[in-house]
Amino acid sequence: MTGSQILIESLLKEGVDTLFGYPGGAIMPAFDALYDYRDKIHHVLARHEQGAAHSAQGYARVSGKTGVCLVTSGPAATNTVTGISDAMLDSTPLVVITGQVGAALLGTDAFQEIDVVGITQPITKWAYQIRRAEDIAWAVARAFYIAKSGRPGPVVLDLTKNSQIQEAEFDYKPCTFIRSYIPVPEVNNEQVALAAELINNAKKPYALIGQGVVLAGAEKELKEMLDKADIPAAWTLLGASAMPTDYRLNKGFLGMHGNMSPNMKTNECDVLIAIGMRFDDRVTGDLNTYAKQAKVIHLDIDIAEINKNVKADAPVLGSAKDTIPAISALLKPAKHTEWIDSFKEYDDREYEKVIKKELYPETQSMTMGEVINKVSEATNHKAVIVTDVGQNQMMAARYSKYSQTRSLVTSGGLGTMGFGIPAAIGAKIGAKDRTVCLFCGDGGFQMTIQELGTIMQERIGVKMIILNNDFLGMVRQWQEMFFDERYSFTEIDNPDFITIAKAYKIEGREVSKREDLDDAIADMVKDDKPYLLVVNVEKKGMVYPMMPAGTSVTNIVLGD
Amino acid sequence: MEKKLYTITVFSENTVGLLNQITIIFTRRAINIETLSVSPSAIKGIHKFTITVLATRETVIKVVKQIDKRIDILKAYFNTDEELVHQEIALYKLATDKLLALGSIENLIRQYSIRILEMNETFVVFLKSGHYAETQQLFEELSNSIGVLQFIRSGRIAITKSKVERLTDMLENLKKFEDQPI
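Residue numbers (this note's numbering), protein chains in the order written: chain A, 1 to 560; chain B, 561 to 742.
Hints listed in this document are in silico derivations from the structure and should not be mistaken for laboratory results.
Even for Gly, the Cβ is constructed at its ideal location relative to N, Cα and C.
Warning: the hint list may mix true and false statements.
[Stated by the list, open to error] Once the Cα atoms are required to be at most 25 Å apart in a straight line, the calculated DSS-like pairs of lysine-lysine come out as:
(1) B/LYS608 <-> B/LYS658
(2) B/LYS563 <-> A/LYS148
(3) B/LYS629 <-> A/LYS321
(4) A/LYS321 <-> B/LYS563
(5) A/LYS148 <-> A/LYS374
(6) A/LYS148 <-> B/LYS629
(7) A/LYS308 <-> B/LYS625
(8) A/LYS228 <-> A/LYS321
(9) A/LYS401 <-> B/LYS721
(10) A/LYS292 <-> B/LYS622
(11) A/LYS148 <-> B/LYS608
(12) A/LYS148 <-> B/LYS688
(13) B/LYS622 <-> A/LYS311
(14) A/LYS295 <-> B/LYS564
(15) A/LYS332 <-> A/LYS308
(16) A/LYS353 <-> A/LYS223
(17) A/LYS308 <-> B/LYS688
(18) A/LYS374 <-> A/LYS353
(19) B/LYS635 <-> A/LYS308
[Said to hold, decoys possible] Computed spacing ranges between beta-carbons, pair by pair:
(20) A/ARG38 <-> B/ILE584: 34 to 44 Å
(21) A/GLY118 <-> B/GLY605: 16 to 26 Å
(22) A/PHE170 <-> B/VAL645: 45 to 55 Å
(23) B/SER597 <-> A/ILE492: 36 to 46 Å
(24) A/PHE489 <-> B/VAL598: 39 to 49 Å
(25) B/ALA655 <-> A/GLU134: 26 to 36 Å
(26) B/LYS721 <-> A/ASP281: 48 to 58 Å
(27) B/GLY605 <-> A/GLY550: 45 to 55 Å
[What the hints assert, rightly or not] Listed next, the stretches of chain A that the computed footprint assigns to chain B, with coverage defined by at least 3 CB atoms under 8 Å from CB atoms of chain B:
(28) 114-124
(29) 191-205
(30) 415-429
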């Protein structure tokens, strides 16, 4: 078998049925082999390798499977770097296979040669160059094991051209063990007992839910624990939809643009239970004033997260799938009615000052929140929501309602503008029977607008909503609040998006008046075809509440 | 918090690009590596890195965890000087005529436990092993008196004082998996 055939056969062994890629010189032998596997592997041709990487991320995020990219060397490889970084920060399982010049040319500045392993080492769990055909099966097996196990993340395989052409025997063995790598730490019963004791003695316990719960598939276990000890809980951006919105103990969204009560209560609880979250600065604000009154329990699969930002009184290492039930078993049934009810005061204030105005505005211009709310309703809160980055993202996270897990796909850690369109493509392919709605700004839409070509060619039924304010909205908001309203290069002249969509054979509609909105949304969700809805919203809308960067979680600006 | 010299020991697989994987973790936090020494360890196929850095204890704990997390790293830990027997080696190249002009060098050689590695009409090479302060003291003395033509100091190598080698547990674990591919 040639190395290229070994590569494809190995991918099949790993259960891969979808690839996101773009052919080119140094990966042509692999693409040539792929041609014979068209019935087994669906290759989605992106329009730019960054798009391929984000699509693979979107696919992985909704399906729980590992996303796979196949691209050539040099510029193609560097184009995937943003997606790889994004997957690293958001713990998304991703295998990126890049072509490379022949082994004999390595180090000579050959055409389209670049040190991919060197570039990607800081942003991957593992980056490896394959120089011989006989190493391909081994490396692919190892790559998938590393990407998916423990705390997931991206892996890069840099495949020299000669290794794709050489003949070798196909000897594939799945990888289940690497002696220098402990993906899931063993659960320590003493740590579990200590955590349970703290919760049992707590008067005001409070849980923070991160993506770790989703990655472990521990949503059910989480609910059982929260129910048993009657613990109110809030979620990080990536923990969105781990609990349904209407769940009694779900108290909302944490962080800079999160809900008021979840942030305020962080500094009022007596025991803080962080589950599969990493105390990102967008959640904690100033660490010196963060939850100082509370005993902290930190459940995480990654020991490097323990005590990284917030000191844990009871660190519990392991998969949430194991640690949550272990703690749960030791919990005494409890009721914390008064404590839970105390969230309401802040919720009411936020509703009065922020939410009411956003969802039911009395102004003539439309708000982002009302559009998102209506789309969420029109899809019975069952859609996968994909966002770009900025105001559209924070608004979508805040005003979408979630009824099932893996329903928000967003670039959290890296905050990648341009993530939206390609991620939505991947999400739709990864969750074919779900409606996928993308909320995007007019700025971010144009960063990866070329992926409309992918949507056209593959007929991918994504519902794209541009919340258009002719501004780079989030930066404009900061300029208004912190830079004296000096709108330095944030006003943006936009093309006619509908005409562009039309050129790509995508149906669309532009709405500027509130009375047309319901009808347009109904039109958008009537079938499973791709659709672009441009909603011209108020130009200078603000996302509130806001906890300005670097200040305390209790320093919440509600706006006027 | 007070910065101190910490010695970080890393055991790794012997794969290409590992040094880069380790150094980028220091680079991100703008920590300067003071010394670095890499060599095969006592165990076949496993390499040992000895790295010294000036940093706070807090930072070193976090950095060591992030190193340990890399896939091909078997074990990483850190120690303070008090917990270690450590050593460095320095070579000094000196002009023969100037050295001879000093008169008797017996005292110098006894005082600093110097070994002479090479001697010819133009130059002499001294070898001195010891802690940084000791090799530095000799360097300064020679610089001030006759001048040093060339000087090189190795990175630190170190062994822990504790009775039980921290690697022992790890080795025991490895034995269990000896038959499995890496």
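A quick look at each hint next to the structure:
no., hint, result
1, B/LYS608 <-> B/LYS658, "violated, 40 Å"
2, B/LYS563 <-> A/LYS148, "violated, 38 Å"
3, B/LYS629 <-> A/LYS321, "holds, 21 Å"
4, A/LYS321 <-> B/LYS563, "violated, 40 Å"
5, A/LYS148 <-> A/LYS374, "violated, 36 Å"
6, A/LYS148 <-> B/LYS629, "holds, 15 Å"
7, A/LYS308 <-> B/LYS625, "holds, 10 Å"
8, A/LYS228 <-> A/LYS321, "holds, 17 Å"
9, A/LYS401 <-> B/LYS721, "violated, 59 Å"
10, A/LYS292 <-> B/LYS622, "holds, 21 Å"
11, A/LYS148 <-> B/LYS608, "violated, 28 Å"
12, A/LYS148 <-> B/LYS688, "violated, 51 Å"
13, B/LYS622 <-> A/LYS311, "holds, 12 Å"
14, A/LYS295 <-> B/LYS564, "violated, 30 Å"
15, A/LYS332 <-> A/LYS308, "violated, 30 Å"
16, A/LYS353 <-> A/LYS223, "violated, 31 Å"
17, A/LYS308 <-> B/LYS688, "violated, 41 Å"
18, A/LYS374 <-> A/LYS353, "holds, 20 Å"
19, B/LYS635 <-> A/LYS308, "holds, 19 Å"
20, A/ARG38 <-> B/ILE584: 34 to 44 Å, "holds, 40 Å"
21, A/GLY118 <-> B/GLY605: 16 to 26 Å, "holds, 23 Å"
22, A/PHE170 <-> B/VAL645: 45 to 55 Å, "holds, 51 Å"
23, B/SER597 <-> A/ILE492: 36 to 46 Å, "violated, 54 Å"
24, A/PHE489 <-> B/VAL598: 39 to 49 Å, "holds, 48 Å"
25, B/ALA655 <-> A/GLU134: 26 to 36 Å, "violated, 56 Å"
26, B/LYS721 <-> A/ASP281: 48 to 58 Å, "violated, 39 Å"
27, B/GLY605 <-> A/GLY550: 45 to 55 Å, "holds, 47 Å"
28, 114-124, "holds (count 4)"
29, 191-205, "violated (count 0)"
30, 415-429, "violated (count 0)"
Violated hints, in rising order: 1, 2, 4, 5, 9, 11, 12, 14, 15, 16, 17, 23, 25, 26, 29, 30; the structure is consistent with all others.
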